[in-house]
Structures are given as C-alpha cells and as structure tokens.
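Let's have the full structure, built from the sequences with the hints guiding it.
These protein sequence lines map, in sequence, to chains V and L.
Note that my numbering gives residue 125 to position 125 of the first sequence, counting from 1, and the numbers run on in steps of one.
Note that my numbering gives residue 175 to position 175 of the second sequence, counting from 1, and the numbers run on in steps of one.
Please note that the accuracy of each hint is not assured.
Stated by the list, open to error - Here are some chain V residues pointing at chain L (derived, C-beta under 10 Å):
(1) 18
(2) 32
(3) 33
(4) 43
(5) 67
(6) 70
(7) 76
(8) 79
(9) 111
(10) 123
(11) 126
(12) 169
(13) 170
(14) 171
(15) 173
What the hints assert, rightly or not - Derived SDA-like pairs (lysine to any residue); straight-line CA-CA distance at most 25 Å:
(16) 39(V) x 46(L)
(17) 3(L) x 156(V)
(18) 59(L) x 7(V)
(19) 81(V) x 39(L)
(20) 81(V) x 11(L)
(21) 26(L) x 123(V)
(22) 81(V) x 47(L)
It should be emphasised that the hints constitute simulated quantities derived from the structure, not laboratory data.
From a predicted model like this one, the values you see are computed outputs, not experimental measurements.
For each residue, glycine too, the CB sits at the ideal point set by N, CA and C.
Residues per chain, in single letters:
Number of protein chains: 2
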Amino acid sequence: MNKYEHLHEKTISSQSIYDGRIIKVKVDEVQLPNGKTAKREIVHHQGAVAVMPITDDGKLVAVRQFRKPLERTIVEIPAGKLEPGEEPLSCAIRELEEETGYVAKKMELLSSFYTSPGFADELLHVYVATGLTKGESRPDEDEFVDVLELTLAEARELHRSGEIRDAKTVVALFAWENRMLRSHG
Amino acid sequence: MNKYEHLHEKTISSQSIYDGRIIKVKVDEVQLPNGKTAKREIVHHQGAVAVMPITDDGKLVAVRQFRKPLERTIVEIPAGKLEPGEEPLSCAIRELEEETGYVAKKMELLSSFYTSPGFADELLHVYVATGLTKGESRPDEDEFVDVLELTLAEARELHRSGEIRDAKTVVALFAWENRMLRSHG
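Shown next, in the form of structure tokens:
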C-alpha cells in the first residue's frame with residue numbers, strides 16, 4: 001500500500017452503529033492525506049455470488065423478484081449471499097440450482113467486483129454457467145421468484161425498459177453481448 | 001405492480017436505524033407472499049453518476065482512489081454522488097471535469113442500474129463521454145485521486161489483477177470491449 005500512501009485514509013476512531021443479519025454499519029473518523037479529518041459511513045456485507053446461466057439454445061436464465069429497497073420487482077441473474085466460510089463457487093452452484101433448477105456442467109469466473117465501494121464492502125463474484133441441464137428448482141421457503149429464459153434481444157429490451165436494472169445483470173448482459181460479438185466475428 | 005402481486009412484500013412496520021450524511025439505514029418488517037413475516041435491512045442512498053471517458057486516441061480516463069470500506073485503493077471510472085435535486089447529466093459533466101479536468105463534447109447514457117438491490121436503493125447512472133478536451137482538474141478539497149489513462153489492454157490487465165474491481169468500472173470495461181468489437185468487427 002506504501003506506493004499509494006499519498007491517497008491513504010488512516011482510521012482515528014470507529015463507531016459501531018448497527019449489527020444486523022445481512023449488514024453491519026459503522027462510522028469511521030479518518031485522517032485524510034492532507035491531515036484533515038472526515039467521517040466515513042461504512043456498510044459491511046459478507047459478500048455474494050451471481051450466476052449468468054446460458055442454455056445450450058443460447059438463452060439467459062434470469063429471475064424476477066421483488067426487491068424491498070426498490071419497492072418493485074426487477075429481472076436479475078440468479079444470485080445469493082455467501083454463508084460464512086462458504087466458497088464462492090459452491091455457493092454459485094447451490095444458488096443456481098435452488099433458484100432455477102438448473103445444474104451446470106461448466107462454471108467459469110467472469111469477474112469479482114465491489115458493488116458500491118464508496119460506502120460498502122460487498123464483494124460479488126459472477127460466474128458464467130454453461131452445459132445446463134434442468135432439474136427441480138427448490139427455492140428457500142421464504143424466497144419468491146419467477147424464472148425466465150431470455151433471448152439476447154429480450155434481455156436488451158428489458159434493459160431499455162428498466163426491468164433489468166442492477167449492476168450484476170448489466171455486467172452479465174454486456175459480457176453476453178461480448179461473447180456473441182466474438183463468436184460471430 | 002399488480003401483475004407481480006404474487007412476489008410483493010408488504011411493509012408492516014419500519015424502524016429508522018441511522019440517518020447519516022451519505023446513507024440512511026432502516027429495518028422494515030414485511031409480510032411475504034406466503035403470509036409469513038421477515039425483516040429487511042435497507043440502506044438508502046441518494047444515487048450517483050459515473051462517467052466512462054474515452055479519449056480521441058482510444059484511452060479510458062480512470063482514477064485511482066482510496067476506498068475506506070475496502071481499506072485499499074482501486075482504479076475506477078470517475079464518479080460522484082448526486083446532490084439533492086441535481087440532474088444526473090449535469091452531475092456527470094461536473095464530476096468528470098472536477099476529477100480529471102476533461103470536458104466532453106458528447107455524453108450518452110450507457111445504463112442506469114441499482115448497485116446492490118438486495119439491501120440498498122443506490123441508483124447509478126453511467127455515461128459514455130467522448131470528444132474530450134483537457135482542462136484543469138479541480139478536485140474537491142478533500143478528494144485525493146490519481147488520474148490514469150489506460151489502453152484497453154491495460155484496463156483488462158488491471159481487471160485481471162484485481163485493481164479494477166468495482167461494478168461500474170467492470171460495466172464500463174465490457175461496454176468498451178463491445179464498442180471495439182463492433183467497430184472492428
């Protein structure tokens with residue numbers, strides 16, 4: 001980190017605000033590179049995985065679900081929170097099968113990224129799942145989703161209309177377009 | 001919303017936890033579609049913009065900055081929070097110039113997405129900026145960033161090495177690759 005010491009913010013004090021089931025919130029007082037102090041509001045999240053499942057006939061498997069923070073449903077790629085100590089790949093396999101019933105022959109990491117590094121430490125791992133075979137979906141008892149299978153044109157239209165509207169699914173859409181552009185020259 | 005009533009979560013009660021400068025936190029008790037109840041931990045954020053600036057010689061303008069929630073620096077496209085009532089496009093123009101000194105002839109909306117809809121309502125608008133001319137960067141007094149100009153190969157390498165590691169910049173990277181594939185395809 002020394003190389004970027006001129007950007008570093010040193011913690012002076014840290015105050016715990018909330019310790020919930022999904023998130024913890026704290027406020028740190030930091031010393032800025034210019035010696036002044038500032039507050040940083042920080043949300044801790046244990047991390048999550050998402051899966052971009054592409055069927056053999058070239059469709060994206062997605063789920064529509066209600067998102068309380070937005071007070072609406074949106075269409076997303078399947079995803080779920082990491083359990084403590086859980087490997088991201090195991091979590092991805094589990095979430096894909098639970099939410100959609102699909103089992104993948106091949107899972108490849110597409111990208112791992114922080115969803116909102118300005119205020120949160122949530123790290124999301126996105127996998128591409130191919131070689132899909134359909135079993136039974138077994139959603140958590142308290143999880144309510146509609147499973148969709150979308151062509152690229154349909155997914156683009158849902159992006160235009162604002163029903164695809166979250167970071168991981170936009171990443172998946174652009175990555176999917178990228179694969180199609182490469183494979184069709 | 002009636003069409004998706006079978007997915008809806010009705011608010012039973014709402015408890016304010018924290019009212020900060022950047023985020024507000026609340027916990028809602030909701031009624032699930034099966035009649036059971038659950039808690040939802042929700043972070044409110046006023047929204048933000050990001051800019052994917054491509055120079056005439058085909059480089060991406062990016063910034064390295066320290067992110068307190070991650071306790072490290074990462075390389076990101078320029079971004080900033082919306083002021084209350086501010087138009088996203090005005091904010092994008094302002095943030096680009098403040099952070100990098102660049103002024104764009106053309107700004108096009110690439111995508112608007114929620115960064116982490118499971119627990120937060122932050123909506124991020126990403127613009128592609130082209131026709132760039134360089135002026136003076138005027139960072140906020142308490143903002144410390146290194147400005148970088150990256151070739152696509154350099155940006156891909158930073159993604160592989162984990163220095164590009166946030167949702168908006170990964171979206172920008174895939175969108176940029178798609179532009180290149182389309183224009184050379």
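Evaluation of the provided hints:
Evaluation of the residue 18(V) hint against chain L yields a held restraint, the C-beta minimum of about 5 Å falling below 10 Å. A least Cβ separation of about 6 Å between residue 32(V) and chain L falls short of the 10 Å threshold, and the interface hint therefore holds. With 10 Å as the threshold, the beta carbon of residue 33(V) comes within range of chain L, its nearest partner Cβ sitting at about 5 Å, so the hint holds. A cut of 10 Å between beta carbons decides the hint on residue 43(V): the least distance to chain L is about 6 Å, and the hint holds.
Taking 10 Å as the C-beta cut-off, the interface hint given for residue 67(V) holds, the closest approach to chain L being about 4 Å. This hint holds: residue 70(V) has a C-beta 6 Å from the nearest C-beta of chain L, less than the 10 Å allowed. The beta carbon of residue 76(V) is positioned within 10 Å of a beta carbon in chain L (closest approach about 7 Å), and the interface hint is therefore held. Interface hint status for residue 79(V): upheld, as the beta-carbon distance to the closest one in chain L is roughly 8 Å, under 10 Å.
Given hint, residue 111(V) at the interface with chain L, holds; its Cβ is 5 Å from that chain's nearest Cβ, closer than 10 Å. Proximity of residue 123(V) to chain L holds as hinted, the smallest CB-CB distance being about 8 Å (cut-off 10 Å). Restraint check, residue 126(V) versus chain L: the minimum CB separation of about 9 Å is within 10 Å; hint holds. A distance limit of 10 Å between C-beta atoms decides the matter here; for residue 169(V) the minimum to chain L is near 8 Å, and the interface restraint holds.
With 10 Å as the threshold, the beta carbon of residue 170(V) comes within range of chain L, its nearest partner Cβ sitting at about 5 Å, so the hint holds. Using the Cβ-Cβ criterion of 10 Å, the hint placing residue 171(V) at the interface with chain L is satisfied: the shortest such distance is roughly 5 Å. The beta carbon of residue 173(V) comes within 9 Å of a beta carbon in chain L, closer than 10 Å, and the hint placing it at the interface holds. For the proposed pair residue 39(V) and residue 46(L), the alpha carbon gap of about 17 Å is at most 25 Å, so the pair holds.
Taking the CA atoms of residue 3(L) and residue 156(V), the gap is about 21 Å. The hint holds against a cut of 25 Å. Proposed proximity of residue 59(L) and residue 7(V) is supported: the alpha carbons are some 23 Å apart, at most 25 Å. The hinted pair formed by residue 81(V) and residue 39(L) meets the criterion: a straight-line CA distance of about 16 Å does not exceed 25 Å. Taking the CA atoms of residue 81(V) and residue 11(L), the gap is about 23 Å. The hint holds against a cut of 25 Å.
The suggested pairing of residue 26(L) with residue 123(V) holds, with an alpha-carbon distance near 22 Å, which does not exceed 25 Å. The suggested pairing of residue 81(V) with residue 47(L) holds, with an alpha-carbon distance near 23 Å, which does not exceed 25 Å.
In terms of the numbered hints stated before, the structure departs from none.
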